[in-house]
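Protein chains: 2
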Amino acid sequence: MHTCIATVSLSGTLTEKLAAAARAGFGGVEIFENDLLACPLAPEEIRARCADLGLSIDLYQPMRDIEGVPDEVFAGNLRRARHKFQLMNRLGADTVLVCSSVSPHAVDDDARAAGQLAQLAELAEEFGIRVAYEALAWGRHVNTYRHAWRIVEAAGHPALGVCLDSFHILSRASAPEDLEGIADIPGEKIFFLQLADAPLLAMDVLRWSRHYRCFPGQGGFDVTGLVRHVLATGYRGPLSLEVFNDVFRQADAGPTAVDAHRSLLLLKEAAGTAELPPPVVPTGVAFAELLTPDAEPVTALLTALGFTRAARHRGKPVDLWQRGEARILVNTAATARRDGPRLAAIGLESPDPAAAARRAEALLAPALPRRRAPGDAPLDAVAAPDGTELFFCATGDPELPDWRADFTGLPVTPAPSATRSEATRSEATRIEATRIEATRIEATRSEGTRIEATRIDHLAVTQPWHHFDEATLFHRSVLGLTAQASVDLADPYGLMRSRAVSNADGSVRIALGVGAAPADDTAHAAHIALATDDVVAAARAFRAAGGRLLPVPANYHDDLAARYDLADDELETYRDLGILYDRDAGGAFRHCYTETVGRVFFELVQRDPGYRGYGAANAPVRLAAQHAGRLLP
Amino acid sequence: MHTCIATVSLSGTLTEKLAAAARAGFGGVEIFENDLLACPLAPEEIRARCADLGLSIDLYQPMRDIEGVPDEVFAGNLRRARHKFQLMNRLGADTVLVCSSVSPHAVDDDARAAGQLAQLAELAEEFGIRVAYEALAWGRHVNTYRHAWRIVEAAGHPALGVCLDSFHILSRASAPEDLEGIADIPGEKIFFLQLADAPLLAMDVLRWSRHYRCFPGQGGFDVTGLVRHVLATGYRGPLSLEVFNDVFRQADAGPTAVDAHRSLLLLKEAAGTAELPPPVVPTGVAFAELLTPDAEPVTALLTALGFTRAARHRGKPVDLWQRGEARILVNTAATARRDGPRLAAIGLESPDPAAAARRAEALLAPALPRRRAPGDAPLDAVAAPDGTELFFCATGDPELPDWRADFTGLPVTPAPSATRSEATRSEATRIEATRIEATRIEATRSEGTRIEATRIDHLAVTQPWHHFDEATLFHRSVLGLTAQASVDLADPYGLMRSRAVSNADGSVRIALGVGAAPADDTAHAAHIALATDDVVAAARAFRAAGGRLLPVPANYHDDLAARYDLADDELETYRDLGILYDRDAGGAFRHCYTETVGRVFFELVQRDPGYRGYGAANAPVRLAAQHAGRLLP
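First to last, the protein sequences are chains D and X. To convert, note that position 410 of the first sequence is 410 in the UniProt record's numbering; the numbers rise steadily by one, no gaps. To convert, note that position 279 of the second sequence is 279 in the UniProt record's numbering; the numbers rise steadily by one, no gaps.
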């Protein structure tokens, strides 16, 4: 089905909006009157621009308060309509939206409304235009789709039909039966279908609609159910997004249009009108990749955390560091020095990497070009909306190529100068060497550090402010992960939000975070949480190896004493090491943080199997300590 | 009365909040538990810091879900309370807030609640602490102040009283009678009074409270009425602000604390517990002052607008430009070049400049130090919250010194090189010269330009994002101006807001604007709107003199033709000159815009006497044209 977006849903000038909509793959646009009025292009030029971009102009929205008004007011409305129909002919738009009156002059008289709409349709027909009548949820007398249809039916004009809008319908629908009236409307009398979702807020409906709409799948409405009802009537017109949202108005139109089109593709999949490659849920975290202009601060931290440099990429300046099942790639490829180390990529264990990438690409995630040397393993990778690279790969699966095949083994504790020579190792021995290496790593214990079954518990990634809700939708629908509720985290300088996505067994957990304001995109570092069986032992080992932990104020631990019945020595240990504590119905969560290097830090985590959270209750204390910038000696 | 602010109302770390509260003149603070937990200072150190700053700690907020719970839960609560009372002794805080339970474990049993609160108060008394019990608007069983008081009364413990909170009371109050129950509470049983205002939103009360509270006078609640009721009981405890607001969480604590204290001072004035110098409403705009590193672009614009350089300041690089009653000062004192010209000051005609300044200073507007030469007229000036300098002055009032006395006359159209010599003119002839000058200006017509009764119609000033509501309160309460409703203006890159303040006869009109996001502080230029009797003539004269007008898309004027019955030639003239048109019940408004220089532009305005607005409906078109940056030839 034809996909369409209203220009009001995107930021910028009309021509910027058109370009963004076309680039994101939409087939058409609704042009909002204010966008046209502010555009220096003549209607014919706008029409040509749209044609160039492959966009149809599916709807024009110029008229309000048309019907159900006194005769003399209606005469003026018809005069205005004639102007607009001329304009629409110049634009090449053949459907006009008429919203139900909100005017204080409107009278509660269906016959009058029907008669006037028929007159309007008669005029429209002269211009080859169809009139789509829509009930606004706050319309003065007409505010339900059933009522709008009764009037359209009474008017009985071939150029008059209804426009259905998911917001106006679902914001008033309290039960599934409220959608059943859609079946009474013949599909050919539904001239247009506008789609928007919204969070379920108890709020006056006008404000809710004008500022808080979101793309389907981001809010709480059953937009899919509504689309199914509409399709059952035989409707085959456009699926068009019309989203008024204060945040999208500020965001770059390009990414917003991509977010928008992805949500529409997902909606089509859910409604059964489009087939996409099915989701392939990741089964673990293969690696996290840090990009850093200088390996030193990262490797010092990894060494203190008990990681060992296990292998080096054959053709790129990338080292594989490993501890137990946790693998960190340290990539020193050229990057801007001032950025410092940052989390650049996540390797997700995938039972079918190629299929996972196909779904992501079908859902508009850009596939990443891999400059591969001959013989390198093929790696399926796409960019997440925030730019993080997602690699779909397999570790040690006999059925699939192993991403580690591109890495050559190294002595477990090599002298830094010894590493270069490894790159000359012959191709023939490479894969075998890696296998041996892997075995060796599992068996080795570096001096004084007990190697436990460490793995990556979760990754926390900061999202661009304007695209936070869409990031959740991406991870949910593209990767097949499940989202928890969004939580507010009180940073000293503003409320952050965080929302976790995970797979069923918790072997993939990603916490998506966002700052308090648009400018905060870079205000908070990403982090990698390492699961340990014993956070106290892990923290002590880290400190003994020269690592520096984030200190936690004594007041926090005094409060722990008031809240929980912890043994005195346990509490003293936590105090000493800066360990935080949380508990839910499923168990306890103990965690502490390393220093931050560049834009990344590590967390050591001891999670009881039943605990579902991420220590959000402790976030204000952690964030304040990070702002203060002190570290434990 | 003692003024106090809850630390949750301010952004930053606890120590930053304390410093800001003290600097703004508060006498005390409520310490919010999360702020304490995240603070590296020990409670004794916090106590000492507060003492140093002259702040008392009037309340501590650590406990929730205390009462109306099963015995075994309550035993744990008492244990926790003992910890907290010990902490409060270390802090030197003697009142603890207990909010009514929201716990699902809470039972609907007043006797149980009263008994448990009495036990808690008994324990508190051992520590010299009083318990203030507050009904949350969303409390599970106790959610009105009357109910909280019934329970406190039933408990009958001397260390137990109520805390009243204006948000919790007024968010549920639908009629003035709802406040009458306050009179039933003896003043000495009201242990604390928390104050917050809020915009009148139809929204679920928890969300409304947690994110949208604002300072008294900024919202829609009758906080003053509530305070009067409470004072009538004999209550003489602190007036304490407790404002949860997402915006304030991000703002600099210093200005927020000043905004907060100002609103509390105004509340005290309104409630009759404090006397402030009364407002002196300005009666006109004496001048607008542009600060610019280079006079050239500004003077070219002023010249094209028909202004003449009329005088120069005796001791400063400031020129007075005049056309009719509109006066612009061009100040070339050292400023950062990259800023370009900006609106730095507004001269307000005042019937009593000294009294106007006294009120502003009493309401925490910083008085501006004037480096005056001996003999300069005394000028009363303060800084508005956005940094704009406000001068209270008089023009041509025989009873008051004339601010123009510091300026010496110039030839009306001087050669630029001739101006310096004027500075040597003797003191004795200065004032007389100015008088002569003023007369001369009124009488002069520069070549080809008809001088009309031009004056400043309005000034539009961009406010810092985090302090927009407080800017309105400042202009309303400090200057005695009246505020219109806030309107949204759709900029292509986000929703701006604008709110106009004016005096009764419209001779002072200031439009306060704010960008769509915190980073937009500098995104929009200020402007000076000049009133003309004939905007067409003024625009033509401007263009004839080499001025460049902002072009308006043809689509806009096509729409005007559809909306209004304008004569064809009138419309063509508007099209040619980029004149916009608006109409309300009181009349029409015609306006056009000049190019922008630096951070300022001019508007030419023809306002029918009854028209009340500022052409907000046309703002999207104007803003888009300004972003496009094109100009009429």
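A portion of the hints provided could be inaccurate.
[Stated by the list, open to error] Which residues of chain D face chain X? A few of them, derived with a C-beta cut under 8 Å, are:
#1 G12
#2 L36
#3 C39
#4 P277
#5 N555
#6 D559
[What the hints assert, rightly or not] Pair ranges (Cβ atoms, derived):
#7 A42(D) to A355(X): 55 to 61 Å
#8 R210(X) to G220(D): 15 to 21 Å
#9 R210(X) to A537(D): 36 to 42 Å
#10 A504(D) to A483(X): 54 to 60 Å
#11 P70(X) to D178(D): 55 to 61 Å
#12 G629(X) to A202(D): 42 to 48 Å
#13 G506(D) to P70(X): 42 to 48 Å
#14 R548(D) to G234(X): 37 to 43 Å
#15 R210(D) to P378(X): 47 to 53 Å
#16 P401(X) to P104(D): 49 to 55 Å
#17 D569(X) to G272(D): 56 to 62 Å
#18 E126(X) to R210(D): 54 to 60 Å
#19 A537(X) to R210(D): 50 to 56 Å
Bear in mind the hints are in silico, worked out from the structure with no lab data behind them. Please read all numbers here as calculations on a predicted model, not as lab measurements. Using N, Cα and C, we set each Cβ at its ideal position, and we do this for glycine too.
Starting from the hint list further up, note which numbers the structure goes against and sort them upward.
4, 11, 13, 14 and 19
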